[in-house]
Amino acid sequence: MTSEDTASSEPAPPKISTEARPEPGTMVPERLIGQPDIITVSHVDKWFGDFQALDDVSLSVKEHEIVVILGPSGSGKSTFIRCLNRLEEHDAGRIVINGIELNEDVRNLNAIRSEVGMVFQQFNLFPHLSVLSNITLGLRKVRHLPRLDAEALAIQLLERVGIPEQAEKHPAQLSGGQQQRVAIARALAMQPKIMLFDEPTSALDPEMIKEVLDVMQELAESGMTMLVVTHEMGFAREVADRLFFFDEGALVEEGTPEHFFTSPREERTKLFLSQIL
Amino acid sequence: MSQQPAPQLPDPARTPLFYQRGFRSVLTQGIYVALTAIVLAYVIASLDLREFGFGFLSEPAGFKVGNQWLVDVDGVTNSRITMYLVGVWSTLRAVLVAILLATLVGVVVGVARLSSNWLVARMAMLFVEVFRNTPLLVQIVIWYAILLVGAPVIQNVLNVGDFLFLSNRGIAIPWPVPSDGLWGAPDWFVGIWVLALIAVGAVAMRVRAKRQEHERETGRILFANRWAMGVFAAGALISFLILGVPVSIDRPVIEGTSYAEGMLVQPEFAALVLGLTMYTGAFIAEIVRGSIQALPKGQTEAANAIGLTGYQRLTLVILPQALRQMIPSVTNQFLNVNKNSSLAYAVLFDDLFRVATIVQNKAGHALEMFFVIIITYMVISFAISAVMNVLNARVTAHRI
Chain W
1 MTSEDTASSE PAPPKISTEA RPEPGTMVPE RLIGQPDIIT VSHVDKWFGD
51 FQALDDVSLS VKEHEIVVIL GPSGSGKSTF IRCLNRLEEH DAGRIVINGI
101 ELNEDVRNLN AIRSEVGMVF QQFNLFPHLS VLSNITLGLR KVRHLPRLDA
151 EALAIQLLER VGIPEQAEKH PAQLSGGQQQ RVAIARALAM QPKIMLFDEP
201 TSALDPEMIK EVLDVMQELA ESGMTMLVVT HEMGFAREVA DRLFFFDEGA
251 LVEEGTPEHF FTSPREERTK LFLSQIL
Chain D
1 MSQQPAPQLP DPARTPLFYQ RGFRSVLTQG IYVALTAIVL AYVIASLDLR
51 EFGFGFLSEP AGFKVGNQWL VDVDGVTNSR ITMYLVGVWS TLRAVLVAIL
101 LATLVGVVVG VARLSSNWLV ARMAMLFVEV FRNTPLLVQI VIWYAILLVG
151 APVIQNVLNV GDFLFLSNRG IAIPWPVPSD GLWGAPDWFV GIWVLALIAV
201 GAVAMRVRAK RQEHERETGR ILFANRWAMG VFAAGALISF LILGVPVSID
251 RPVIEGTSYA EGMLVQPEFA ALVLGLTMYT GAFIAEIVRG SIQALPKGQT
301 EAANAIGLTG YQRLTLVILP QALRQMIPSV TNQFLNVNKN SSLAYAVLFD
351 DLFRVATIVQ NKAGHALEMF FVIIITYMVI SFAISAVMNV LNARVTAHRI
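Chain order of the listed sequences is W and D. Residue 1 is where the first sequence starts when you use the numbering used here, and the numbers rise one by one after that. Residue 1 is where the second sequence starts when you use the numbering used here, and the numbers rise one by one after that.
Since the hints were derived computationally from the structure, they do not count as laboratory data. Incorrect hints may have been included.
Unchecked claim - Using 30 Å as the maximum straight-line C-alpha spacing, the simulated DSBU-like pairs for lysine-lysine come out as follows:
#	chain 1	residue 1	chain 2	residue 2
1	W	LYS210	W	LYS169
2	W	LYS193	D	LYS297
3	W	LYS169	W	LYS141
4	D	LYS64	D	LYS339
5	W	LYS169	D	LYS297
6	W	LYS141	D	LYS64
7	D	LYS210	W	LYS169
8	W	LYS193	W	LYS270
9	D	LYS297	W	LYS210
10	D	LYS297	W	LYS141
As the structure is a computational prediction, the values presented were derived from the model and not from experiment.
Throw the hints in and build the complete structure from the sequences for me.
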């Protein structure tokens with residue numbers, strides 16, 4: 001039996017045609033043409049035991065770009081953005097953020113944490129600290145700002161997210177939407193270049209989702225680079241420059257909102273969008 | 001709005017008395033009270049209470065107790081109750097020191113068990129498993145044997161920088177003592193200085209509260225904590241100088257075959273405190289570990305995401321939350337320290353239980369003595385609970 005026989009008798013399983021996908025960066029919208037790449041991800045794998053959470057993910061993100069990441073539950077989209085500030089360590093491939101390589105070097109880890117802010121699905125505010133202290137903790141202990149300056153900055157940020165009057169309260173005394181806005185203020189306090197949002201509205205009551213999305217939209221308009229994992233299709237359509245669709249750990253499709261909502265190319269993307277829209 | 005016609009129901013049937021809930025509960029409680037009264041009456045009737053009374057406690061003791069500190073009783077002129085109170089004082093000292101050290105050991109070992117360093121985590125686990133799974137009595141006796149037999153004789157004393165001495169006569173450490181100071185201050189000036197410290201502390205707290213209040217009103221930063229510390233330090237120093245430096249640090253020295261100066265921690269006390277500390281510390285370590293693990297994982301992630309270091313994450317985010325949750329469980333361990341301190345009996349440390357049994361040997365009156373012992377342990381336990389409840393109320397003022 002020759003090798004040709006083996007190949008013809010076992011047809012290759014249907015695969016995502018990576019050749020057909022445009023190279024990362026080719027779909028950059030007009031307003032970002034000429035902007036430098038701030039995030040470059042190259043052939044990243046991530047395993048949880050025997051389960052492959054990320055499968056050869058490569059992409060790049062421009063400075064000031066708003067990226068929305070879509071995908072079914074368990075598709076690796078949360079794992080992916082958690083790798084970007086090293087809450088999870090990738091097992092293979094390279095991640096470079098603003099020129100800093102994410103690797104074993106602890107200096108790089110500290111540098112990256114001050115470049116990248118993160119907002120979590122469950123807010124993760126510190127319940128034993130007041131709203132003001134939640135925001136000033138990093139400023140005082142990591143940035144070593146004097147208390148006066150840290151608190152002035154915190155009040156400014158609380159005004160920006162619309163709840164300066166809640167400064168003295170504890171997180172448990174706030175509504176979910178207010179807590180998430182405090183969490184955004186806490187992340188912004190470290191003056192990051194990039195903000196990651198891991199399903200920021202998924203734990204909120206419907207009437208609170210809008211107040212958080214409004215803050216995120218304002219942040220997008222201010223020029224922040226943002227990666228948002230969300231199921232809020234309205235936000236994706238209106239605010240995103242580019243959408244990434246993940247499935248089974250792989251980046252299946254990327255494109256502008258227009259491309260996604262009018263003529264998605266991959267079958268899995270079509271199926272997902274038909275279920276969610 | 002139209003009124004619905006009330007539905008017609010038949011007259012309610014009357015429940016017989018025996019099936020009524022109220023009657024049932026009165027009946028069962030009545031039976032319980034009657035049975036208890038019968039048992040109690042039988043016990044009291046079988047006791048010979050003609051001799052019952054506490055007069056024997058005020059008679060001269062006629063025995064000595066060791067391990068005295070800040071007291072000086074020879075047992076000849078002192079009454080039995082005085083000797084008993086000396087025993088209570090010894091118990092209190094051992095319990096207080098053991099509680100403080102066990103908390104320290106527990107927090108350190110509990111955190112170490114969760115260390116990402118394989119060796120540190122395994123060593124902490126080994127510590128917990130050894131001290132948690134062997135009887136406290138055995139541990140105390142082993143510590144005593146180590147300190148008595150294992151330690152060098154005083155001629156070969158282990159000298160740590162002329163600062164700490166270890167021999168089979170105990171551990172000698174430096175200790176503050178009253179001194180003549182600049183112009184021959186009498187000993188009781190130390191007491192005055194301690195009172196002055198309390199007063200200065202109160203003033204400092206007042207200054208802190210005032211400045212905090214002012215800060216809230218005006219929004220200006222007034223450094224309340226720094227001011228309070230400054231006021232306290234200045235007050236302590238000034239009163240210390242005015243009283244003519246009434247305290248000096250006394251370093252231990254060896255004179256012939258005994259220690260002089262300094263503070264002598266005797267082997268009995270050290271064995272009891274070591275046993276209580278390690279045993280209770282192992283349990284507290286597990287409580288600390290459990291409280292930390294019970295925190296949502298997101299707290300660690302959020303602390304990492306804003307760039308806190310591992311140590312900052314532990315001290316600013318994790319422990320402040322974990323320590324609150326563990327107060328009720330740790331209170332139980334503190335109460336166990338109090339009760340387990342009676343194992344001092346095994347190493348002849350003259351705690352309240354041992355002194356009480358000596359009194360009872362000499363004077364009889366076992367019933368009264370055990371009554372006194374039980375009441376004393378309960379009072380100490382209630383005091384510990386009261387302090388811990390106040391602490392708990394303070395830290396849970398905000399729901400977290």
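Does LYS297 of chain D sit within 30 Å of LYS169 of chain W, going by the straight-line distance between their CA atoms? holds (23 Å)
Checking one constraint from the list: CA of LYS210 of chain W to CA of LYS169 of chain W, max 30 Å. Satisfied? The given pair, whose Cα atoms are some 22 Å apart, holds under the 30 Å limit.
Would you mind confirming whether the straight-line C-alpha gap from LYS193 of chain W to LYS270 of chain W stays at or under 30 Å? Not OK: LYS193 of chain W and LYS270 of chain W at ~33 Å, beyond 30 Å, violated.
Given the hinted pair LYS210 of chain D and LYS169 of chain W, is their Cα-Cα distance within 30 Å? Roughly 21 Å separates the two Cα atoms, so the pair holds.
Restraint status (C-alpha distance of LYS193 of chain W to LYS297 of chain D at most 30 Å): holds (25 Å)
For a C-alpha distance cap of 30 Å, please report whether LYS141 of chain W and LYS64 of chain D respect it. Violated, because 57 Å separates the two Cα atoms, which is more than 30 Å.
Hinted pair, alpha-carbon criterion (30 Å max): LYS64 of chain D, LYS339 of chain D. Please report holds or violated. Holds: LYS64 of chain D and LYS339 of chain D sit about 24 Å apart, inside 30 Å.
Assess, step by step, whether the Cα of LYS297 of chain D is no farther than 30 Å from the Cα of LYS141 of chain W, and give holds or violated. Between LYS297 of chain D and LYS141 of chain W the Cα gap is close to 21 Å, so the pair holds against 30 Å.
For the pair we were handed, LYS297 of chain D and LYS210 of chain W, check the Cα-Cα distance against 30 Å. holds (27 Å)
For LYS169 of chain W and LYS141 of chain W, compute the direct alpha-carbon distance and say whether it is at most 30 Å. With Cα atoms ~21 Å apart, LYS169 of chain W and LYS141 of chain W stay inside 30 Å; holds.
Violated hints for the displayed structure, listed by number in ascending order: 6 and 8.
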